[in-house]
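Peer 1: Here is how the chains run, residue by residue.
2 protein chains.
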Amino acid sequence: MTFRLDPRLAADTFPVGDFALCRVLLMNDSRFPWLILVPGGADLREIFDLAPRERAVLIEEAALAGERLKALAGADKINIGALGNLVPQLHIHVVARLAGDAAWPGPVWGAGKATPYAPDAAANAIENLRRTLELRAP
Amino acid sequence: MTFRLDPRLAADTFPVGDFALCRVLLMNDSRFPWLILVPGGADLREIFDLAPRERAVLIEEAALAGERLKALAGADKINIGALGNLVPQLHIHVVARLAGDAAWPGPVWGAGKATPYAPDAAANAIENLRRTLELRAP
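Read top to bottom, the protein sequences are chains A and B.
Position in the first sequence (first residue = 1) + 230 = my numbering.
Position in the second sequence (first residue = 1) + 230 = my numbering.
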């Protein structure tokens, strides 16, 4: 399957790797440990555009990503969201939240301007994520 | 099973009914058609506190609620979120979004003060939701 990624998602993220269903991206906002999972498949906009079998995989991948990201980041809470008001391609945010972070206790969505990673910091974060999530570069 | 609901969730919502896993609540904010699904079970905080079998049910219930709420509300997009930064009990928001609504295209979380339903409007909304979701009062 050729994986097609919305240009805005591509511009705002770094590729981490591929689970069975979803491509895993790192949001280029160093304020938050923030993954985005994008299920493969054409013209997906809503969770209910997936088949039940795919949804079961999706939530397992989101749970695994969330549990491991929480441990990696030493986070207090994982926030999961599927919004898509701006970017139509179905994508699921998995964000590690720390009490007192730049948006706490509010949502990260709409919480001001992203702080891009420095190049070394991005490479380091991606390497840590690949190890933690057992993924290779897509 | 006795269903225990966080007092803040109870105060902010109306009960709609019970799916197999989740209690369905209507958020008392007439600005948005906004459901909250609360899985039964003690001490759940994160999606990954559920068993995989329960997660598969959860995402089916969220998908069903989302698809039907979207049709009922004539919405443009469904937003789904599990945040829990303020209320620890695991709960999943399923919100129908219309282009131009009070928070569009931002998230509903943190989008200002709720506009409570008038009593008649709440009763009417709950009745419509029970019909649409095939639920009875819990």
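Do not rely on the hints blindly, as some may be mistaken.
When chains are identical, the list treats them as one kind, so a pair holds in a single copy or across two.
Straight-line Cα separation of at most 16 Å, EDC-like style, residue types lysine to aspartate or glutamate; simulated pairs [said to hold, decoys possible]: (1) K300 / E276; (2) K300 / D350; (3) K300 / D242; (4) K343 / E364; (5) K300 / D236; (6) K343 / E297; (7) K300 / D248; (8) K300 / D279; (9) K343 / E291; (10) K343 / D248; (11) K343 / E276.
Since the hints were made in silico from the structure, they are not lab data.
Peer 1: Take the hints in turn and mark each one as holding or not.
Peer 2: Status of each hint after checking the structure:
Taking CA atoms no more than 16 Å apart as the test, K300 paired with E276 passes between copies only; the shortest distance there is 10 Å, against 25 Å inside one copy. Within a single copy, K300 and D350 get their C-alpha atoms no closer than 22 Å, and across copies no closer than 43 Å, so neither meets the 16 Å cut-off. Taking the shortest alpha-carbon separations for K300 and D242, neither the intra-copy value of 22 Å nor the inter-copy value of 28 Å comes in at or below 16 Å. In this assembly of identical chains, K343 and E364 lie within 16 Å of each other by CA distance neither inside one copy nor across copies; the values are 30 Å within and 42 Å between.
Taking the closest pair of Cα atoms, K300 and D236 never come within 16 Å of each other, the shortest separation being 27 Å inside a single copy and 23 Å across copies. Taking the closest pair of Cα atoms, K343 and E297 never come within 16 Å of each other, the shortest separation being 26 Å inside a single copy and 32 Å across copies. Neither within a single protomer nor between protomers do K300 and D248 lie at most 16 Å apart by alpha-carbon distance, with minima of 19 Å and 30 Å respectively. Within a single copy, K300 and D279 get their C-alpha atoms only as close as 28 Å, which misses the 16 Å cut-off; across copies the closest is 13 Å, which meets it.
When the C-alpha separation of K343 and E291 is checked against a cutoff of 16 Å, the pair qualifies neither within a copy, at 28 Å, nor between copies, at 34 Å. Taking the closest pair of Cα atoms, K343 and D248 never come within 16 Å of each other, the shortest separation being 27 Å inside a single copy and 40 Å across copies. For the identical chains of this complex, K343 and E276 are neighbours neither inside a copy (26 Å) nor across copies (27 Å), given an alpha-carbon limit of 16 Å.
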